[in-house]
Amino acid sequence: MAQDPAMPSSPRFVEILRLAQDGRADSARAAIGGLLVAIDPGDPDYPEALYTAATIASSGEEARLLFSRVAVEHNRSAWADKALLRLAQLDYSTGDTEGAINRIRRLMADYPGSSVLATAALWGARAAFERDDQEQACQWLGRGLAVVGDNVELRNQLAFSEQRCRGNVAVTAPPIRTPEQRPVDRAQVPAPPPAAAEPTREGPWRIQVAAISDPSAIRRVEGIIRRLGLTVYKVPGPNGLTKMQAGPFDSREDANGRLAELTREVGGKPFVTRVE
Numbered sequence: 001m002a003q004d005p006a007m008p009s010s011p012r013f014v015e016i017l018r019l020a021q022d023g024r025a026d027s028a029r030a031a032i033g034g035l036l037v038a039i040d041p042g043d044p045d046y047p048e049a050l051y052t053a054a055t056i057a058s059s060g061e062e063a064r065l066l067f068s069r070v071a072v073e074h075n076r077s078a079w080a081d082k083a084l085l086r087l088a089q090l091d092y093s094t095g096d097t098e099g100a101i102n103r104i105r106r107l108m109a110d111y112p113g114s115s116v117l118a119t120a121a122l123w124g125a126r127a128a129f130e131r132d133d134q135e136q137a138c139q140w141l142g143r144g145l146a147v148v149g150d151n152v153e154l155r156n157q158l159a160f161s162e163q164r165c166r167g168n169v170a171v172t173a174p175p176i177r178t179p180e181q182r183p184v185d186r187a188q189v190p191a192p193p194p195a196a197a198e199p200t201r202e203g204p205w206r207i208q209v210a211a212i213s214d215p216s217a218i219r220r221v222e223g224i225i226r227r228l229g230l231t232v233y234k235v236p237g238p239n240g241l242t243k244m245q246a247g248p249f250d251s252r253e254d255a256n257g258r259l260a261e262l263t264r265e266v267g268g269k270p271f272v273t274r275v276e
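Residue 230 in the numbering used here sits at position 230 of the sequence shown, with consecutive numbering throughout.
Hints listed in this document are in silico derivations from the structure and should not be mistaken for laboratory results. Glycine included, every Cβ here is placed at the ideal spot set by N, Cα and C. Heads up, a few of these hints could be off.
Derived Cβ-Cβ restraints for the label pairs, each shown as a range [unchecked claim]:
#	residue 1	residue 2	range
1	113	68	42 to 52 Å
2	99	40	26 to 36 Å
3	113	38	29 to 39 Å
4	159	37	43 to 53 Å
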């Protein structure tokens, strides 16, 4: 699988990400915190260290602050464009489609050769479609398709969205039938009730998708999680936030297998968590 250009790539930062993905987020944050103290702010590795810290931050606000530092204080680094993409995804995940569009516009203008331009085009188009700006959305989709290269999955997502630009405005993903919509075979004579089964215990692993308070953003994230066939968990968080979680999963490996999909669909920085 090709390296995601929007993820840290230096070995020591990749190792820190792996710690976080393995459920050792506190250790990962301690490690990157130590590196941020040790690395001189003028060192070429410093922007990537900041970016890594943002990627594994404990809250959306902390992530936003750190990504903003990369985009503003280190705007000539190789991570500034990627930080703008992450900020746009955070904006989109909280319902701020205007903010997402503005960040994508800046990315497109300031970093026309960016390795994440095709991904940015997809997220910008999603935000533009939500604001009924089809002209802008279609322009970005065309630009994304022109530079997507051999990333087949991303090309397919761009092409699927681009169908709306050719008259199929109502193109949507195939609906997932809810239990009450599925056909039921009705026997003429009701069968006796089955013996009571032992209650099944849910797997202890979930993916925390977002921590948000805006009702429209909560509804959007809830809809995405359900469309992907997962159960939605709403966990009260600090300062009026709602932690939106998806699951359940029997193992960390199972959860990690859906992490990239949820990140693509929702944006932000979903992470795997264990429920005791």
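Here is how each hint holds up against the structure:
no.	hint	in the structure
1	113 x 68: 42 to 52 Å	violated, 22 Å
2	99 x 40: 26 to 36 Å	holds, 32 Å
3	113 x 38: 29 to 39 Å	holds, 32 Å
4	159 x 37: 43 to 53 Å	holds, 46 Å
Checked against the numbered hints above, the structure breaks only hint 1 and satisfies the rest.
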